[in-house]
Amino acid sequence: MTVTEPSAFDHRPTPTSGVLGLAAGTFAVGLVAGTTVQRLLLTVAVGGAAAFALGGRLWRRRRTAGGLLGVCGSLAVVAAAGYAATRPERVVHRLELLPGLLGLWVLAAGLLPLRVRRGRLLIDIGAGLVFITVLTGGVVRGASTAALVVAAAATILAWDAAENAVSMGGQVGSCGATDSRRAELVHAGFSGCVAVVAVVATLGVARVGVDGLPFAALVVLLLAAVVTILVAHR
Amino acid sequence: MTRLRDLRHAVGGGDPVGSVDRADDNGDGDSQTPAVRPTGRWRGVVGVVFLAVAVGILAKRPAVLLMAAVGVVFAVYPLVTTVPDPTLSVDRRIDPESPADGDAVAVRTTIRNEGDVPLFDLRIVDGPPPTLSVAGGSPRGGATIGPGESVTLTYDLRARPGRHRFGPTTLLCRDASGAVEVERRIDAPDRIDCSATLPTVPLRGRSGHRTGPLVTDDGGSGLEFHSVTEYERGDPANRIDWRRFARTGELNSVTFRTERLADVVVCIDARPDAYRARSDDDPHAVAHAVDAAGRIGDALLDANHRAGLAAFGRESFLLAPGSGDDHAHRFHRRLATAPALTPSPPESVGATRAVADESTPRSDPAAPLDHQLSAIRERLGSTCQVVLLTPLCDGDALDVARRFESDNAHVTVVSPDVTSADTPGGRLARLERDSRLAALRNANIPAADCDPATPLGSALEHVERSRR
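Protein sequence lines, in the order shown, are assigned to chains A and B. 88 is the number that our numbering gives to position 88 of the first sequence; each next residue is one higher, with no gaps. 273 is the number that our numbering gives to position 273 of the second sequence; each next residue is one higher, with no gaps.
In short, the hints are calculated from the structure, not lab data. Hints should not be assumed to be uniformly reliable.
[To be verified] Partial selection, computed: residues in chain A whose CB lies under 7 Å from chain B:
1. T43
2. V200
3. A206
[Said to hold, decoys possible] With beta-carbon atoms standing in for the labels, derived distance ranges:
4. T64/A <-> T82/B: 44 to 54 Å
5. S344/B <-> G47/A: 44 to 54 Å
6. T82/B <-> V231/A: 33 to 43 Å
7. G40/B <-> V197/A: 44 to 54 Å
8. T337/B <-> L75/A: 50 to 60 Å
9. G40/B <-> A216/A: 29 to 39 Å
10. E432/B <-> T64/A: 32 to 42 Å
11. G67/A <-> R430/B: 21 to 31 Å
12. R191/B <-> L68/A: 19 to 29 Å
13. L68/A <-> A104/B: 30 to 40 Å
14. R430/B <-> T64/A: 27 to 37 Å
[Stated by the list, open to error] Listed below are several chain A residues computed to face chain B (Cβ distance under 7 Å; list not exhaustive):
15. G138
16. V139
17. A152
18. I156
19. E163
20. Q171
21. G173
22. S174
23. R182
24. V219
25. V227
26. I229
27. V231
Source: prediction; values computed, not measured. C-beta atoms are modelled at their ideal positions from N, C-alpha and C, and glycine is treated no differently.
Chain A on its own, in the form it takes in the complex (with noise of 0.2 Å):
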């Protein structure tokens, strides 16, 4: 009795939601990187992490070729993170693309998975990081307020995607006979229309002239609008 069949269920995440995941997350760190060297550094990241994520799909039936693709991998997404944290010339710059692409790291290797029981956690993780690089990016007035709320909700698109892989591949498999491939794509679809209503009213709101509230008035309607949420959700 073979063991390694190639249709044996395997609880690995689905791809499709992995690659919206990504993507999704590429682009929010992409919005905070605003210099050239930033991009670029973002390019060679992202790379080395689509490499990683590959090679470790690979690993199952080609280990060389999957080992050596994730290794070339990870190696380009440390070199970036090298770079990252001392090539630009301010602190700020440098301070604001780390975690990004760590986080971009992480999110692949939840995607893998590294361990298929942990790669929840990798996720939470990842999208964590690539959302403190968008909160910095907001601290250190490093992107327009319209790019830092796309890049916000575009991070938790990247998570909610992610999550969607790990729970669909852990339920149904990677390869099923059927493709889970449309429900993902719809889920996916529900979630981009949430974040394009929720970015189009904050900016609305912004547009008309949240700057010359008060700013306790925007906190305290904020926080007003998070307790109302909590005790719904009772």
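Please arrange chain B on chain A, whose structure you already have, making use of the hints.
Okay, now just chain B, sitting in the frame of chain A:
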């Protein structure tokens, strides 16, 4: 052949009580799980909002607060989606339904959305028989299906001898945001019958007094030569060896091996430790044992022996030996429905021996085994013999066999091999199992080593031959 079963449930208000369990690794049948459960996947967004608000306040950046506002919208998202109320039907086509040993059986399971609303995220886990391995395709799938649409899972099973029942089809339906998961189980009790009768069951020379097909070591009337003894007054004249009389002048009678009826109890080791499998995709040892028990029982009953059934593990039972069609029916029903032989492994497998709270609470798992065994042994008749089905995964199985043997119930061990040579641990387990088999044989207990990949019949024949 087409069978259609419908299931129309009302979702009970969508009240998500109970612990938030991320519902992966499904397929282990636990009917107590709530039908509607929150996945809790959007909870983290609230934390993200708080983080952004805090950073925004500390750095006095309105842009960061606006990012928090985006998070608020996503936190509201799962509240506005409706809880799906799926109305689904399952239709399974099996081709062929009665395959030969080793044939590929094509299964097509079609799930149709009978409701009026589209189901955006439907995850299907079909329940192929635990004793058969999937040879191609996958019994799992994810789909989006609109009203009236259907989705079909296609997969192949490798047929093995025996009667194999399909389990329920599990359908997990999430709302668009994935915040709520509704679980449905639809029972479609289809069956695959793959008949391949066992040529022989090795029995030991222990029997009652009724005439039957078991050739014993006692001299008497029968077919097979046993011995030549001195003539005693009263021996039948047709058994006198007249040639010898002509040659030597002494009267001798020939005796033959008596043929008797055997009382056999097929006993299954279903302890939590016996729920071992080569890999996650392969059937576990208890499934193999149940399958083998059915076929051994059939073979015994066909040969006019009296067959009984017993099991120990989570609980024990004994179906006393009997014969006839009614008894055969009882035998198979017990095999299919006995709680001790549930195909889903207990929670405690692999972990510590903590027994799940759903069954009777037990403080020490070793004590009940003693009770169970003595309950079975008490009710075994004095002439009964036991065919013990155990994977021999631990030393306890060896003790069980020895204990039966020491009670004068002759034991034959049939052991499905679920060890694997893929990992060092697996190789060690295989070595240990081999030494247990050797220990059994040294104690004069015949033991059949059954590789699931080879037919059961040949392993049993091997024991039968080596005994002679």
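Violated hints, by number in ascending order, as checked against the structure
1, 2, 6, 7, 12, 22, 25 and 27
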